[in-house]
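Protein chains in written order, with our numbering: chain A, 1 to 461; chain B, 462 to 564.
By construction, these hints were calculated from the structure, which means they are not laboratory data. It is possible that some hints are incorrect.
[Said to hold, decoys possible] Straight-line distance between alpha carbons at most 30 angstroms, and here's what the computed DSSO-like set of lysine-lysine pairs gives:
{"#": "1", "chain 1": "B", "residue 1": "K551", "chain 2": "A", "residue 2": "K304"}
{"#": "2", "chain 1": "B", "residue 1": "K551", "chain 2": "A", "residue 2": "K27"}
{"#": "3", "chain 1": "A", "residue 1": "K304", "chain 2": "A", "residue 2": "K459"}
{"#": "4", "chain 1": "B", "residue 1": "K551", "chain 2": "A", "residue 2": "K81"}
{"#": "5", "chain 1": "B", "residue 1": "K551", "chain 2": "A", "residue 2": "K257"}
{"#": "6", "chain 1": "B", "residue 1": "K551", "chain 2": "A", "residue 2": "K459"}
{"#": "7", "chain 1": "B", "residue 1": "K551", "chain 2": "A", "residue 2": "K448"}
{"#": "8", "chain 1": "A", "residue 1": "K304", "chain 2": "A", "residue 2": "K448"}
{"#": "9", "chain 1": "A", "residue 1": "K82", "chain 2": "B", "residue 2": "K551"}
Remember, it's a predicted structure, so these values are computed and weren't measured experimentally.
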Amino acid sequence: MSEFISMRTVIEVSYFVAAILFIFGLKRMSSPVTARGGVIWAGAGMVVATVVTFLYPGMGNYPLMMAAIFIGGVIAWVSGKKVAMTDMPQMIALYNGMGGGSAAAISAVELYSGADHGMVFGTLAVLGGMIGAVSFSGSLIAFAKLQGLMKSVMRFPGQQVFNMLLLVGTAAIAGYIVLQHGDVNTITIFFLLALLLGVTMTLPIGGADMPVVISLYNALTGLAVAFEGFVLQNAAMIIAGTVVGAAGTLLTQLMAKAMNRSLANVLFSGFGDEPAAEGGDGVSGSMKPIDAADVAVMMAFADKVLIVPGYGMAVAQAQHKVWELTQLLRDRGVDVKFAIHPVAGRMPGHMNVLLAEAGVPYDIIYDQDEINPEFPTADVALIIGANDVVNPVARTDPASPIYGMPILDADYAKNVVIIKRGQGAGFSGIQNALFFLDQTRMLYGDGKAMAGELISEIKNL
Amino acid sequence: MIDGFVALYIFMLAAFVGHEVIGRVPAILHTPLMSGSNFVHGIVLVGAMVALGRAETTLELSIGFIGVLLGAGNAVGGYVVTERMLEMFKSSKDKDKDKEKSS
Numbered sequence: 001m002s003e004f005i006s007m008r009t010v011i012e013v014s015y016f017v018a019a020i021l022f023i024f025g026l027k028r029m030s031s032p033v034t035a036r037g038g039v040i041w042a043g044a045g046m047v048v049a050t051v052v053t054f055l056y057p058g059m060g061n062y063p064l065m066m067a068a069i070f071i072g073g074v075i076a077w078v079s080g081k082k083v084a085m086t087d088m089p090q091m092i093a094l095y096n097g098m099g100g101g102s103a104a105a106i107s108a109v110e111l112y113s114g115a116d117h118g119m120v121f122g123t124l125a126v127l128g129g130m131i132g133a134v135s136f137s138g139s140l141i142a143f144a145k146l147q148g149l150m151k152s153v154m155r156f157p158g159q160q161v162f163n164m165l166l167l168v169g170t171a172a173i174a175g176y177i178v179l180q181h182g183d184v185n186t187i188t189i190f191f192l193l194a195l196l197l198g199v200t201m202t203l204p205i206g207g208a209d210m211p212v213v214i215s216l217y218n219a220l221t222g223l224a225v226a227f228e229g230f231v232l233q234n235a236a237m238i239i240a241g242t243v244v245g246a247a248g249t250l251l252t253q254l255m256a257k258a259m260n261r262s263l264a265n266v267l268f269s270g271f272g273d274e275p276a277a278e279g280g281d282g283v284s285g286s287m288k289p290i291d292a293a294d295v296a297v298m299m300a301f302a303d304k305v306l307i308v309p310g311y312g313m314a315v316a317q318a319q320h321k322v323w324e325l326t327q328l329l330r331d332r333g334v335d336v337k338f339a340i341h342p343v344a345g346r347m348p349g350h351m352n353v354l355l356a357e358a359g360v361p362y363d364i365i366y367d368q369d370e371i372n373p374e375f376p377t378a379d380v381a382l383i384i385g386a387n388d389v390v391n392p393v394a395r396t397d398p399a400s401p402i403y404g405m406p407i408l409d410a411d412y413a414k415n416v417v418i419i420k421r422g423q424g425a426g427f428s429g430i431q432n433a434l435f436f437l438d439q440t441r442m443l444y445g446d447g448k449a450m451a452g453e454l455i456s457e458i459k460n461l
Numbered sequence: 462m463i464d465g466f467v468a469l470y471i472f473m474l475a476a477f478v479g480h481e482v483i484g485r486v487p488a489i490l491h492t493p494l495m496s497g498s499n500f501v502h503g504i505v506l507v508g509a510m511v512a513l514g515r516a517e518t519t520l521e522l523s524i525g526f527i528g529v530l531l532g533a534g535n536a537v538g539g540y541v542v543t544e545r546m547l548e549m550f551k552s553s554k555d556k557d558k559d560k561e562k563s564s
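Looking at chain B on its own, in the form it has when it is part of the complex (with noise of 0.2 angstroms):
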């Protein structure tokens, strides 16, 4: 399906975007934007979930099982934390239109 040089493309272009969209980062950003990118990497649950779905004997079942568990923990709590960072950042016009609301 995928062969070694299609892959090596895709790894080659994927690495010019990772390095585009990261380059143009305001450092105000960069605490959310690594946890952000800590959440996108949670995305190894999905191969965790493959690794234990065709896992057989004991040993095969409990290292992939401790591999779902540590990818689910990965992409939730790397969201959570994100989401949460984000939300607080706002631009003296949000707070303007906060205040408005709110009285």
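Excised from the complex, chain A in its bound form (with noise of 0.2 angstroms):
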């Protein structure tokens, strides 16, 4: 007996020092300085809460345990090694989706099993399953579709009653599993319904909204963890779990709040819905191309160029060039910085990486905040691949749907020069008021292959 509680004490103290592990590590990430050594940190905590699990009393099955661990494992490594930053949303939402998943199966077991875990602990197993089954199914859809397999938007009529009675109905079923136990072929059902629920729900959602998804999708899947640590008496469960879903809850508001929009917003009405006609009113003149030679004079004998990248730039491959470009400049004495939009690119942050996997220090990159202020004294504002975040309408025209968006202030630079491929409206399919400015010059073409150009073009100078 006493033996099997000493195990029990190793056990405890193992997750109660990788809940530590896991708080400081999140802590330290929170600084660009420390945050390499915070994940390391992260990591340590997950190996000494893994290796202490086999330790669990009252556990068989070791040999199928370790052959799912080995195939998991090894399938993550690999493709985690090997995927590109571009693709980087994509695989956060993929490996969001097989967390949630995993809760959903231990969730399932429970249930399956027929244990009594009370009312209160039935209801969070539940819970717990139905969440973790929506973040799955919903993870896997958006993976999909950022990874090109599947059509960006999907919508039927009568599509968001026929989630709500969705909802209602897998509750329902979650109700009646809680009093009444259920056999197998309801607790199947309540499960495929919550699968078909995540699906449903992400559907509708368009490719500009997935990262408010993705990060919405890590909160759920955090509390469904955090639900099941409840269920199993896990400690380290229910603390990392619940740190993640309230740290992936204040991301989610974050990120809906950069675009100006409520998470309900995001979540319940298109916004390509509108006939993309409007916003036209405001915008007149006519767009003035450039060739790349007059640029990289105009750059070059500048004292000041604010870079601002978009989503269009991870397209291109062109954050490389796009660095070497800032150097040339940089060794002429230009004083030259990368100014980014909450929500440029498909996730918060996802152009600093594009930036930091070329190699651009991150004291030249700045957040919306701290750079508008420099735009009146930029001599040139570059803006490759980015559009609606540069939308001076937002700030202009109330009939507009950015109306109210937070953007970068490029308009107010001496001069705009835009990289683009063709004259098309971006991505919301809102005319751009900036490409029609006096000072704005278009320099139409690829975005690394002009960046290319600039490149050749000052080094002749």
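Got two chains here, separate frames each, mind docking them using the hints?
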């Protein structure tokens, strides 16, 4: 008996240490200087918690367990090492979905085994299973969309009513299972409905809103993990899951706020629904083209250049060329800074990751609030693959769907150069008034190719 | 071991910790942080191991197996991509140091 107790103590102490390592790890990730160490701390916590779990009393099936860890681990390791930085958002969605699926599986095993957890923990088991299943299938749909495996937006008439009925129906069965335990068939139907709910919830949400959705599912998975932690009486799961749930919720709100939209708005109303004609009223003038040689002169003799990258830069894989261009300008004594909008790219901070990959030091990369006061003193604002985040109609045209969204004040710069492939409107289909301003010039072409031309033109000066 | 109210306290305090820890993170780190918190909920692996370890019927065994597989994927994949991203974050000073080293 005493041996049994000491074993429990070892396990509990290890989980306690793991929880501390997770919290301090996340804390260290809040500064770029210590971030790298942070993930190593959290990783150490994970190893401790996993190893000690093999000592759990009353368990069997070890060969099966080792096999599952090996297969899942190797697949994730290889795919995680191989994925390109541009594809990072969908990879996070995928791993997040796996976590949700795992939480749902825990719930399913507990429910199928018919173990009695009492009213409170029984409710948590069912709820955690439902949230986990929704996060699983929803994340997979998000992955498929970002990976380009399926159409970005799918709608059918009465979709919202259907989703609402599905939600209520699933919740009703969940209630029945808590009260009556439910047989195998009922439990199976419950999980199938929850999986379907995740799919139908995610289908109508478009590409630009994907970061918010991924972040939301990240928070939901955390919550599901915490709930299953209560059921299994596992403190490490409760603490880690809850911390992620709270952090993810905050992150989701920050992202929705950066787009000037509420979370409900992201989830329930399609952004591209309104006809694309609006916003044209306030836009007049013409787009004026320019060639690379002129832009090169303009930038080489400038005092200050602000570069605004967007998702287009990621698509063109132009970040390395852009950094090369930046180094050339800096060698000539030009003050070059990067201005990043909070929702540029497909995830908050996505641009920072891509620029970091190219080797851009983080101390010349600035947030919207830091950099906006500097636009009026900038000689050139170079926009690469960004569109809506620099559209001044967000400030001026109350009729525009993006009215009120905080933007980068690129229109205040003395000269604006837009690198863009064609004349079409942006991702949201809204005309960009910035393109038509007097001080704006359009440099038509692929982001990477144009950055390359600028580099050779500047070298020739 | 953990009864209803103690559980509730743990939940509340952990939620505050999560909110506070993330509240001060600069936007530059949002993606790695999302990835990092994604890795942290990979702790679900531990629960899946317990569920599989106690499973008896074929149904429970197969679902438990999938659960452990997915949980391991979450933990390992989450770690690998977070580590890869954070490794790239360097300041100008770090870069100068790298240059000195290589030359």
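_Violated hints - listed by number, lowest first_ = none
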